[in-house]
Amino acid sequence: MSEPFDPTRWRPASFLPEEDARDPALLFVVAVLCFLACLTALGVIAGNRAAQGWASQLTGEATVIVRARGGETPDAAAARAAEALAGVPGVTEARALEKEKAYALIKPWLGDAADLDDLPVPRLVAVGLDNKTPATAAALDKALKGHGLDAVVDDHSVWIKDIRHAAGVVRWTASTLLLLIAGAAGAVVAYATRAGLAARRDVVEVLHLTGAEDAQIANLFEMRFARVAAVSGAAGAVAAALLGAILRMVGGGQGITPALPIAWMDLLAVLPCPVLAALVAAVAARVTARRLIQRL
Amino acid sequence: MTPPVDTSADEILRFAGVSMRYGRGPEVLSDISLSLPRGSFHFITGPSGAGKSSLLKLIYLAARPSSGSVRLFGEDIAAMPARDLPRTRRRIGVVFQDLLLLDHLSAFDNTALPLRIAGHKASEYRNDVAELLAWVGLGARMDALPPTLAGGEKQRLAIARAVVNRPEILLADEPTGNVDHEMALRIYRLFVELNRLGTTIIIATHDQDLVARSARPVLHLEKGRLRPLPPQGPVE
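Those sequence lines, one after another, are chains A and B.
Quick note: the first sequence uses this note's numbering, first residue 1, plus one each step.
Quick note: the second sequence uses this note's numbering, first residue 297, plus one each step.
Just so you know, these hints were derived from the structure itself, not from any lab.
Because the structure is a prediction, the values reported are computed rather than measured.
Take the hints with a grain of salt, since some may be wrong.
Derived DEER-like restraints, expressed as beta-carbon distance ranges [to be verified]: (1) B:473 x A:17: 24 to 30 Å; (2) A:272 x B:394: 42 to 48 Å; (3) B:417 x A:171: 48 to 54 Å; (4) A:169 x B:377: 29 to 35 Å; (5) B:525 x A:195: 46 to 52 Å; (6) A:14 x B:344: 51 to 57 Å.
Which stretches of chain A does chain B cover? Using the computed rule of at least three CB atoms under 8 Å from a CB of chain B, they are [as the list claims (entries may be wrong)]: (7) 82-88; (8) 191-205.
For each residue, glycine too, the CB sits at the ideal point set by N, CA and C.
Modelling step: build the complete structure from the supplied sequences, incorporating the hints.
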């Protein structure tokens, strides 16, 4: 036999039926959207790191192409260029590369048959630049000309610009994707709120006629869908973090590829997902519910 | 018959030339004028479709008149800002024709609903709700869900919910419609007791027997207009 009802132990029940909060379709859709949002965020972080890595590598060095003049041998001209550049402020190191390296660079175009010793192949000088106060291309050029050398300075600025541009495009694309996903999540929750209000019109009507304010009724739906979205967001975030962890482990320190280096710390980026999902859902449910309640 | 008009200063409700229609439909109430004093007890009678429920809807602020004015608690409801409507609704208790009990909530939760909406703390009203449910004869069914209650129990639960926050005016739409004669009398006695405690009571009913026994003033509606009460046969 059940125990008699004890009013002193009574706890107020939810105005909305609890089973409404367990809509599997809504949970699944929001979880998938959160999973995609987290993957996008992880992709942006990894892509950004790769772009920064490449840009800093290129920023820290320059390449000088030296052509021999008159009776001077290419190797001698390269050695003289390295010596001239070593004295320029902002240069940490200047090193003439062996002729084999210069040959290796042009071999794809000329093939194995060509005797490169017969050709006036220019030599390369690798220049290490100070990270804080790097020498400019103009300063290097001036130093080379001062020593009467026929040389071209490549400070990689074109490549750096391209990499930064590509990284920017990736960031903007990802931001747009995140906004679209947030919008889709909001739309799904708005639809669910509308369906929830229609299904629970009896509850809404009773609350309304018993003196509940619009905000009180809207708040019920807002809290309900915020909780659903937070749970779904957590599920999506965990799934994305697991996938990120697998990619990190499979790909080693550089992630799955050097182009997408995922760090363990990056996985923390999924943490705000449940909160953000709850916020988006709360706003969508509130706006939808208030609009519909005002029509009652 | 002249519509019942009371000009005493302590007037709780006044209709002046009120008409009402739903959307673009025909008028369901036409040129209703009445005045009810605080603490009075009235029946609204009339055949089905006469406008009894519509009249009640105007009073519990679920509808607005299409013309004329309704003054409730001394305020013109047409001029009342939307933000004040919930606070005014909390001063009115309603026993709806279809009861509108929330099936997923226990009898105790259903009864406590108006107090929770009004922002009271559970500790303030727990005992009052239990006492009220005992008073309406549901002391042993406080944790029961409405679908498990009998017709009369549901009616009494709806009444308990309507009066739990001590409304100044209690409206009941066919409150004895689905119960037997004995239960109808018990429910009527509940209303009399509430009226004795100061609540203004308006009951819309088809139950001519109940009306005749009570000897309370009657507002008789026919085709949306207040009409003189037709002569009644002897009560059996």
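Each hint, compared with the structure:
{"no.": "1", "hint": "B:473 x A:17: 24 to 30 Å", "verdict": "27 Å, holds"}
{"no.": "2", "hint": "A:272 x B:394: 42 to 48 Å", "verdict": "47 Å, holds"}
{"no.": "3", "hint": "B:417 x A:171: 48 to 54 Å", "verdict": "50 Å, holds"}
{"no.": "4", "hint": "A:169 x B:377: 29 to 35 Å", "verdict": "52 Å, violated"}
{"no.": "5", "hint": "B:525 x A:195: 46 to 52 Å", "verdict": "48 Å, holds"}
{"no.": "6", "hint": "A:14 x B:344: 51 to 57 Å", "verdict": "37 Å, violated"}
{"no.": "7", "hint": "82-88", "verdict": "violated (count 0)"}
{"no.": "8", "hint": "191-205", "verdict": "holds (count 3)"}
Checked against the numbered hints above, the structure violates hints 4, 6 and 7; every other hint is satisfied.
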